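Note that the protein sequences, when read in sequence, are chains A and B.
Numbering of the first sequence is given in our numbering, commencing with residue 917 and proceeding in unit increments.
Numbering of the second sequence is given in our numbering, commencing with residue 917 and proceeding in unit increments.
Take these hints with a grain of salt, some might be off.
You can't tell identical chains apart in this list, so a pair holds if it fits in one copy or across any two.
Unchecked claim - As a list, the in silico EDC-like pairs of lysine to aspartate or glutamate whose alpha-carbon atoms are at most 20 Å apart:
1) Lys-963 / Asp-1057
2) Lys-1030 / Asp-1044
3) Lys-1062 / Glu-992
4) Lys-1030 / Asp-976
5) Lys-940 / Asp-1000
6) Lys-1062 / Asp-959
7) Lys-963 / Glu-1087
8) Lys-940 / Glu-1041
9) Lys-1030 / Glu-973
10) Lys-963 / Asp-1035
11) Lys-1062 / Asp-1044
12) Lys-940 / Asp-959
13) Lys-940 / Asp-1044
14) Lys-1062 / Glu-947
15) Lys-1030 / Asp-949
16) Lys-1062 / Asp-925
17) Lys-940 / Asp-1057
18) Lys-940 / Glu-1087
19) Lys-1062 / Asp-1035
20) Lys-1030 / Asp-1000
Treat the hints as calculated values from the structure; they're not laboratory data.
All of these numbers come straight from a predicted model, not from anything done at the bench.
Protein chains: 2
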Amino acid sequence: MMTLYDYLDSGNGFKIRLLLAQLKQPYRWIEKDILSNETRTPDFLAKNPNGRIPALELADGTVIAESNAILWYLAEGSRFIPDDRLQRAKVLQWMFFEQYSHEPYVATPRFIVKHLPADSPRQGELPDRMARGRAALAVMDAHLAKQPFFVGQTYTIADIALYAYTHVSHEAHFDSAPYAALRAWIDRVASQPGYVSLYQRPGSSESVKA
Amino acid sequence: MMTLYDYLDSGNGFKIRLLLAQLKQPYRWIEKDILSNETRTPDFLAKNPNGRIPALELADGTVIAESNAILWYLAEGSRFIPDDRLQRAKVLQWMFFEQYSHEPYVATPRFIVKHLPADSPRQGELPDRMARGRAALAVMDAHLAKQPFFVGQTYTIADIALYAYTHVSHEAHFDSAPYAALRAWIDRVASQPGYVSLYQRPGSSESVKA
Chain A
917 MMTLYDYLDS
927 GNGFKIRLLL
937 AQLKQPYRWI
947 EKDILSNETR
957 TPDFLAKNPN
967 GRIPALELAD
977 GTVIAESNAI
987 LWYLAEGSRF
997 IPDDRLQRAK
1007 VLQWMFFEQY
1017 SHEPYVATPR
1027 FIVKHLPADS
1037 PRQGELPDRM
1047 ARGRAALAVM
1057 DAHLAKQPFF
1067 VGQTYTIADI
1077 ALYAYTHVSH
1087 EAHFDSAPYA
1097 ALRAWIDRVA
1107 SQPGYVSLYQ
1117 RPGSSESVKA
Chain B
917 MMTLYDYLDS
927 GNGFKIRLLL
937 AQLKQPYRWI
947 EKDILSNETR
957 TPDFLAKNPN
967 GRIPALELAD
977 GTVIAESNAI
987 LWYLAEGSRF
997 IPDDRLQRAK
1007 VLQWMFFEQY
1017 SHEPYVATPR
1027 FIVKHLPADS
1037 PRQGELPDRM
1047 ARGRAALAVM
1057 DAHLAKQPFF
1067 VGQTYTIADI
1077 ALYAYTHVSH
1087 EAHFDSAPYA
1097 ALRAWIDRVA
1107 SQPGYVSLYQ
1117 RPGSSESVKA
């Protein structure tokens, strides 16, 4: 059985929980509290030397890190990755967009707002990060005005990757009012079969049963 | 014929030039001066709404953005991506590491040092960015102390992705002295068949001939 090292509030971790639920794949779930640096212990660094969750440990002990690489590993051969070479590249294009142009500017502000003290010097990062976050949301909204999902006509792991932090961007006080196509897409993703919520803690028994 | 929109000094663009040379694939090369915002014109934004190079335009006009997605598109089915499912995920793991934990902290300092004025307020970003950059280089060095290339025993697009900015990190005043395994790997990459340099400008005739 696979083991997912994760932190409940992490959108990056939620990507994997959502896909595993939709693949109906059982797994063990172990929470690592990133606020207490549980991902920087020698034990955890032996699993992922980059000291981050999520990390997926396979039955043989091999560990895969980076949420979007884990998504790709789990989804290869399933309906969540297209077969067409160009469409596969487009799935990756949006996943790299997510990690480079979206996550640091949508997820990090949410982390600062939710988890850091009001007088943390990092609060000063918010104006620049949120301006870039709004630029990323606008790029997504313009694309979704033309098609129902990020790649082609169907739901793929590109949607999972971008949904994870977008659907909770209000927690960082992003205003979704200007982005009608984005809001409609959020509803479409949430209505996919097998959907679970970010705040739904996988119990070991539930996850084994899944 | 494919067209690569690029900027000579860009490591992200260089990734594509290097792979195309090693695949012996001809292409048209069009430079966009990012310092003059040539990637933010309406014409270019119609090609890549995220306003960044590199962007690869296929013969039918389709455009692929994000350097690592372009690498994957070009390398699928070649010796530069392994066939094994786990190894493919590991290639992606290192490419996502590159864009999230390396590029903003190794490439961006180089950009600030090389292209921004000495009194730019962005110079103040250097201490934090370079500390994180050294952390990324240390993760790479520890991994390369155990194996010759990032994934398995052979050179893949994961090496291309990580080499692009690592081999010019001295231009941002990173000191490579602590990283013996990393330095040996840089030499191994530079000795691969078909290697070209970051500063080798693809002439249209040369690139067509390539």
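Do the hints match the structure? See the list:
| no. | hint | in the structure |
| --- | --- | --- |
| 1 | Lys-963 / Asp-1057 | between (37 Å within a copy, 16 Å between copies) |
| 2 | Lys-1030 / Asp-1044 | within (18 Å within a copy, 22 Å between copies) |
| 3 | Lys-1062 / Glu-992 | neither (26 Å within a copy, 28 Å between copies) |
| 4 | Lys-1030 / Asp-976 | neither (36 Å within a copy, 46 Å between copies) |
| 5 | Lys-940 / Asp-1000 | neither (24 Å within a copy, 23 Å between copies) |
| 6 | Lys-1062 / Asp-959 | between (47 Å within a copy, 19 Å between copies) |
| 7 | Lys-963 / Glu-1087 | neither (31 Å within a copy, 32 Å between copies) |
| 8 | Lys-940 / Glu-1041 | neither (39 Å within a copy, 44 Å between copies) |
| 9 | Lys-1030 / Glu-973 | neither (29 Å within a copy, 41 Å between copies) |
| 10 | Lys-963 / Asp-1035 | neither (34 Å within a copy, 42 Å between copies) |
| 11 | Lys-1062 / Asp-1044 | neither (28 Å within a copy, 40 Å between copies) |
| 12 | Lys-940 / Asp-959 | neither (29 Å within a copy, 45 Å between copies) |
| 13 | Lys-940 / Asp-1044 | neither (40 Å within a copy, 42 Å between copies) |
| 14 | Lys-1062 / Glu-947 | neither (39 Å within a copy, 29 Å between copies) |
| 15 | Lys-1030 / Asp-949 | within (15 Å within a copy, 39 Å between copies) |
| 16 | Lys-1062 / Asp-925 | neither (31 Å within a copy, 34 Å between copies) |
| 17 | Lys-940 / Asp-1057 | neither (30 Å within a copy, 38 Å between copies) |
| 18 | Lys-940 / Glu-1087 | neither (29 Å within a copy, 49 Å between copies) |
| 19 | Lys-1062 / Asp-1035 | neither (42 Å within a copy, 43 Å between copies) |
| 20 | Lys-1030 / Asp-1000 | neither (40 Å within a copy, 40 Å between copies) |
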